Amino acid sequence: MTETLDRLRLSRLDDDDLELLLLVRHFELKLLELYGRGELNGTTHTCLGQEYVPVALRPLLGPDDHVFSNHRGHGHYLSAFRDPHGLLAEIMGREGAVCGGVGGSQHIHRDRYLSTGVQGESLPVAAGVALHLKRSEPGALACVYIGDGTWGEGAVYEALNLAALWELPLLLVVENNGIAQSTPTASHMAGTVGSRAAAFGIRHHLVVSGDVNEIRASLGPLVAEVRGSRPLVVEFVTHRLGPHSKGDDIRPAGAVRAARDNDWYDRYAHDHPDQFHRLDGLVRAEVQAIADEVAARPPARWEGA
Amino acid sequence: MRVAENLNAALHGLLDDDPTAYVLGEDITDPYGGAFKVTRGLSTRFPGRVIGTPISEGALTGVAAGLALTGNTAVAEIMFGDFVALAFDQLCNFASKSVSMYGRRLPLRMVVRCPTGGGRGYGPTHSQSLQKHFVGMPGLSLYEMSPFHDNRAVLGAMLERGEPCVFFEDKVLYTRQMDQVDPLFTVRRDGDLAVVELRDPGDRPDYVIIAPGGVAHRALAAMRSLLVEQEVSGRLLVPSRLYPLDVEALLPYLGEVVLVAEESTAGGTWGSEVAHLLHGRLWDRLRGPVRLVHSRASVIPTAAHLENEVLVGESTIHHAVREALRG
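Protein chains in written order, with full-length UniProt numbering: chain A, 1 to 305; chain B, 1 to 327.
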């Protein structure tokens with residue numbers, strides 16, 4: 001085990017990046033705890049294990065870019081805004097909720113950030129936004145996060161066709177965590193993401209690393225090309241630590257163990273223990289304080305449609 | 001001026017007046033100019049803002065939503081309205097919901113145009129009137145083209161709502177003249193409503209028909225034959241906006257006998273929604289329940305004689321009125 005970790009040693013992050021990673025991690029863990037106590041309504045999909053994806057992309061995206069997130073979007077939102085209060089209030093239906101408690105975990109809109117709960121449907125919308133950006137705000141892009149399971153939806157292909165045909169500044173980020181709810185990728189996808197992108201003449205970049213600094217360095221020039229209206233599919237080979245939503249994890253123990261072995265959290269604690277332990281406790285306490293404060297707020301009020 | 005020309009002029013006017021306006025659809029660019037020629041000339045005058053798309057109804061509707069999301073005005077054409085079923089997710093789960101599901105109103109200026117209806121032998125998947133499937137969706141408004149409503153004004157009204165609108169255009173209207181009625185009748189407008197009555201109405205009409213634009217001429221033909229053969233007089237109300245329906249605007253024109261006529265096939269129709277709304281307001285004044293007149297519960301056949309058996313026509317409306325008057 002130690003050998004494996006040594007071989008995959010992660011490079012040292014700025015405190016700021018590590019804090020953000022830890023914020024997302026402890027936010028998600030807190031959500032599962034709150035659900036377990038019956039304090040949250042509905043369902044949620046945590047991004048445990050995948051936090052590093054939006055954190056790596058964060059400085060590559062600017063305020064003029066549009067971001068489209070999906071059902072597993074807490075990390076995307078927190079990376080964009082660092083607003084755990086607003087997001088938790090949204091999920092808990094409390095005052096100060098970023099969308100008044102109407103959208104909940106999956107439906108968030110703020111500035112140029114939008115998430116929605118139906119797989120794949122935001123891709124055509126993002127193509128429309130990218131068309132606008134290309135015409136009116138050249139240099140800005142539309143970034144869409146999807147999972148491996150979303151490649152089963154036809155909307156993905158209709159939009160990829162348009163993105164290539166119209167040379168749109170569209171960045172498609174695929175968080176391929178190897179499982180769509182409970183169905184392994186091998187059971188739902190023929191061929192590969194890369195070959196599907198190639199069918200449209202769209203460049204595909206595979207990220208297997210979990211090292212934030214390394215990912216950024218490799219993606220920087222590619223994202224710059226997207227801004228020049230060359231669409232791109234970036235596929236992250238990543239791991240979902242937790243269940244799809246709450247109690248629906250039926251994976252064999254080996255699969256869960258493999259995800260844990262690849263978890264940046266343990267790896268980083270091992271590789272950079274001083275920095276990690278200095279910040280981990282602080283962020284954990286911060287999230288606890290946020291949860292206590294938000295839980296004490298009055299219910300969100302909706303002014304109506 | 002023909003209805004299609006009026007609509008074409010309306011789109012030219014929109015693109016002229018609104019530099020953020022886009023028109024999207026399959027085969028809409030010149031020289032073809034759209035399957036029904038409604039977009040003729042647009043791409044020549046406004047290259048770049050009139051965009052031919054692949055056969056991707058879901059994507060082109062989503063692109064329209066994305067353009068609307070970034071502050072533009074978007075008009076999307078679905079070549080045959082039947083295919084709007086392929087865009088249902090974009091309309092139902094994305095565009096209409098987005099207006100309100102983010103906790104505060106998110107205005108979207110977009111119109112999805114749907115050439116609709118039968119009578120031209122296009123068969124079961126190219127002849128339907130799908131209005132009923134879109135009734136009651138929060139954040140989505142439904143309009144229907146009519147020969148008595150100027151399309152520029154209707155387009156303006158739709159966009160002013162700041163929410164997605166579906167515009168149903170009965171294909172049989174495209175070649176008809178605007179505002180043309182039998183000399184027996186006269187048309188006037190009261191807000192959104194077109195009111196068609198006998199030129200010399202005399203007493204109160206014996207019955208009132210509510211019918212959207214595509215059925216209006218069939219209703220008028222029935223009204224003429226009922227007058228000539230039965231000596232009963234009617235009034236026709238043609239609303240431009242089907243949903244949400246402005247019931248208040250209808251009330252002053254209604255009497256004891258009311259019918260709703262539409263081309264939709266039977267079952268869960270727009271008319272049943274109208275009847276329900278009217279029963280709540282008029283129950284004590286009506287001689288009987290509001291009558292629904294629609295096409296048969298059937299697919300739309302291709303052969304002309306079979307199509308005629310299924311689709312609502314003059315005779316269906318004529319008989320429904322006679323039954324209603326008999327009580």
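It is worth saying that the hints were derived from the structure and are not from the lab. Don't take every hint at face value.
Derived CB-CB ranges, DEER-like [to be verified]: (1) P221/A with R104/B: 54 to 62 Å; (2) M1/B with G139/A: 41 to 49 Å; (3) D27/B with A198/A: 27 to 35 Å; (4) P138/B with E95/A: 36 to 44 Å; (5) G247/A with P138/B: 28 to 36 Å; (6) R104/B with E293/A: 46 to 54 Å.
From a predicted model like this one, the values you see are computed outputs, not experimental measurements. For every residue, glycine included, the Cβ atom is placed at its ideal position computed from N, Cα and C.
Hint-by-hint comparison with the structure:
1. P221/A with R104/B: 54 to 62 Å: Since the Cβ atoms of P221/A and R104/B sit about 38 Å apart, the hinted range of 54 to 62 Å is violated.
2. M1/B with G139/A: 41 to 49 Å: 45 Å, holds
3. D27/B with A198/A: 27 to 35 Å: 28 Å, holds
4. P138/B with E95/A: 36 to 44 Å: At roughly 24 Å between Cβ atoms, E95/A and P138/B fall outside 36 to 44 Å, so the hint is violated.
5. G247/A with P138/B: 28 to 36 Å: For P138/B against G247/A, whose Cβ atoms are near 31 Å apart, the range 28 to 36 Å holds.
6. R104/B with E293/A: 46 to 54 Å: For E293/A against R104/B, whose Cβ atoms are near 23 Å apart, the range 46 to 54 Å is violated.
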